[in-house]
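Undergrad: Residue strings, one per chain:
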Amino acid sequence: MNHPPQPHFVRPCTRIWLVLVVLTAVTYSIGEAGLGGKNVMLFVLAITLIKSQMIASYFMGLRKTSPMWRIIMGSWLVIVGGMIASAYLMGLQ
Amino acid sequence: MPTPSITLHNHKPGAPPGDLVIWLFIFAELLAFGIFFGAYAFSRSHHVELYNQSQLLLNRESGAINALVLITSSYFVVRAVAAIKQGFSRECANWIAGAIGLGGVFIVIKLLEFNAKFSAGISLSTNTFYMFYLSLTVFHFMHVILGMVILTAVMLKARRGGYTPEDHTGVETGASYWHMVDLVWIILFPLVYVIR
Amino acid sequence: MSQTFTKSMARNIFFGGSAFFFLLLVALTFDTMQVLPKRDHRENITPAVERGKMVWEKNDCIGCHTLLGEGAYFAPELGNVYKRRGGEFVKSWIKSMPTKVPGRRQMPQFNLTDQELDDMVAFLKWTGEINTSKWPPNIEG
Amino acid sequence: MQYQSQKVAMPYFIAAIGLFTGQILFGLIMGLQYVMGDFLFPAIPFNVARMVHTNLLIVWLLFGFMGAAYYMIPEETESELFSPKLALLMFWIFLVAGALTIVGYLLVPYAGLAQMTFNDLWPTMGREFLEQPLPTKLGIVVVALAFLFNISMTILKGRKTSIALVLLMGLWGLAVFFLFSFYNPSNLVLDKYFWWWTVHLWVEGVWELILGSLLAFVLIKVTGVDREIIEKWLYIIVAMTLITGIIGTGHHYYWIGTPEYWQWFGSVFSALEPIPFFMMTVFAFNMVNRRRREHPNKAATLWALGTGVMAFLGAGVWGFLHTLAPVNFYTHGTQITAAHGHMAFYGAYVMVVLTIISYAMPMMRGRAANSEKAQVMEMWAFWLMTVSIVFITLFLTAAGILQVWLQRVSETPLGFMATQDQVTLFYWLREISGVIFLIGLIVYIASFFVEGETKEAA
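Residue numbers (numbering that gives the first Met the number 0), protein chains in the order written: chain D, 0 to 92; chain C, 0 to 195; chain Y, 0 to 140; chain Z, 0 to 457.
In silico BS3-like links for lysine-lysine, alpha-carbon gap of 30 angstroms or less:
1) LYS37(Y) to LYS116(C)
2) LYS82(Y) to LYS124(Y)
3) LYS156(C) to LYS63(D)
4) LYS37(Y) to LYS124(Y)
5) LYS156(C) to LYS159(Z)
6) LYS297(Z) to LYS6(Z)
7) LYS63(D) to LYS84(C)
8) LYS156(Z) to LYS84(Z)
Don't read these hints as lab results, they were simulated from the structure.
In isolation and in its complexed conformation, chain D is listed as follows:
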């Protein structure tokens, strides 16, 4: 192996992975606590969309692509998130 010695180097993707793990744990604990309601839903959904965007940008590598690809993926996320949120709010009435 000819890696240059970099004792304190943590790869960006590793940091992303750590953040994803932490956010998943947060989602899980909200479920465990049995929390529900509009604000909790919006919070969990926001976490989910952030996680999704991180996967898309950093893991799938979309952040280095032309705007078209990012717009397609972004609008998919927005539409799915929007549908989930609005359907949830509809259910409150």
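Go by the hints and put chains C, Y and Z onto chain D.
TA: Here is chains C, Y and Z on its own, set in the frame of chain D:
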């Protein structure tokens, strides 16, 4: 160049990693899952009580563990791509093997979960919630299997030294598909197991 | 730059995808077969109902009418005709055909026996009691 | 034409066009019966006319597919047909059996025909599109097997291209799923469930493989675009077709007694069914724009492009229109379905068969393309038929919307016949469009007899 312009695109700058064809399929798949997610959400709005009660009977631990498993597996695949970009075929194959192994873990956990549900007599016709729960998770489950098949093919080729820093579209293609499988679970888990 | 995701990968997606979804169809069909007895009340399929289906088929009724919405759209839906009109009406209607009203759509005279008429009504009655998820929207079919 | 045995396609194509004409004539009879109920009664009741109309359609498309396969396979495999004699023999058997069946429909009351053809031994008749007597059904199986044997043996001994492979899969699938037409349980729900395995898995499954490969073949020939590119597109399109279409079968399982989860599966997957058709349109235009040669047969290119567009409109858009379960609840079994059926069959299958005929017929007659004059006439026929089918579809859609409104949605629903009386105007307009379609068809047939300057086939 023996066969010019075989594919639909020739790695223009700004194109996503992997072959364009896989992106066509990734977006088609995301569209299908997106419609299913929307259908779940809107159907829930008509039966909030039923959904909230049925959701309590799901195994949230196995859902969460599987989310962590897939995220980690996705991370391994990122490392595999990074490795092949530097020309480390062996390292690349090993990371992919790890990802496939985690895929196997996902499958085992999921099978245990399904087994528990089926032996409790739950089926597609139990109620609308379980119809969606089973449809979505089984559909995703089949994608995990498909993704593992693709990754296995990539791994074998990497092991033979079939990829180079200049030519590793195959690795990126398999990786992109696997991330998609991960992405779907990232949304599916909170939607079905947590949000109430 | 040579590509690894070439025609052969497109072919693999074709074969894999087709097999994948065909298996899904088979699995869903298997499940459907388990659920159907609860919805099609097959315990009520008497010999008369079976014979009635034969009468229905031998006279190509589906060539003008719909049955549970499938068939031709030239004449009324008959899946719910038993509920709409009753068995006696159906029998006398079939017997009095054709109306010979000028310019109106005509139904042929099929010369059914009394036994065949009873069987047909039994078949239509049974069909009307299948669980069709509340279709049609109203009694007019 | 590079191989002698390709010529057996000629009688198949001629028979196809002949039966096509018959289909249109009976369509016009039915159209008139919609507004003049007692027209030709009791000589030809509506159900008989409809049986002839739909059965002729199926049979002539099968003739077209077989002719297309006999023409394409030698060129694709680069070898002569395994047995041109068998192909010719099967042609006559199929033609005679088909003609006898149609004559039987017209001359004998259906119940009598059932009696004569041993329907009591094994009842399979009297179900929509599968009205054929048992001997005809068995004949179809025999002809199909002999045909598949012939084609498969040719492919085995020759070059194996993707186009040939997809075509072969489509044709085998056609034969295999036809076998479900022999299953007719006394439980109506089961009957309907597996009836769709023939009908749906044909027209929204394996037939589309045939459609794709025919289109790909003609596009390679007329555009000269690299085979690798076209075949890759072909694979992607047929993959998407089956991925969406197989579970899309569920859109027939909403209201026939099947479990309610089909409403979800059917809606989601059939909502995706337009995608492969859209890709097909993009594919056709893309390939023509990237053409590397100017093929003298402009008419064939026009048909190929038309297939892409009309299949997308008819099967994709008009299918999507009423495929979602909440919409279908109101539109199921109305003129909306008829509208979709007409444009989808014309746009996808009629047009692709006419595409291959348009390309192959001049070749078999020893020229690369017909004379300028003949081509102009053929293109006129294209526009006449295509525009009138669009209008037929629009009028039937209008009739259907009105029907749904009056009979299904309204607070005070009208009865079936009362509703029909309200939409008579649209049925008249549909019939006029049908007459124009027939004129287009006559122009089309006439274009075969126009002489003029032609170039020798290369």
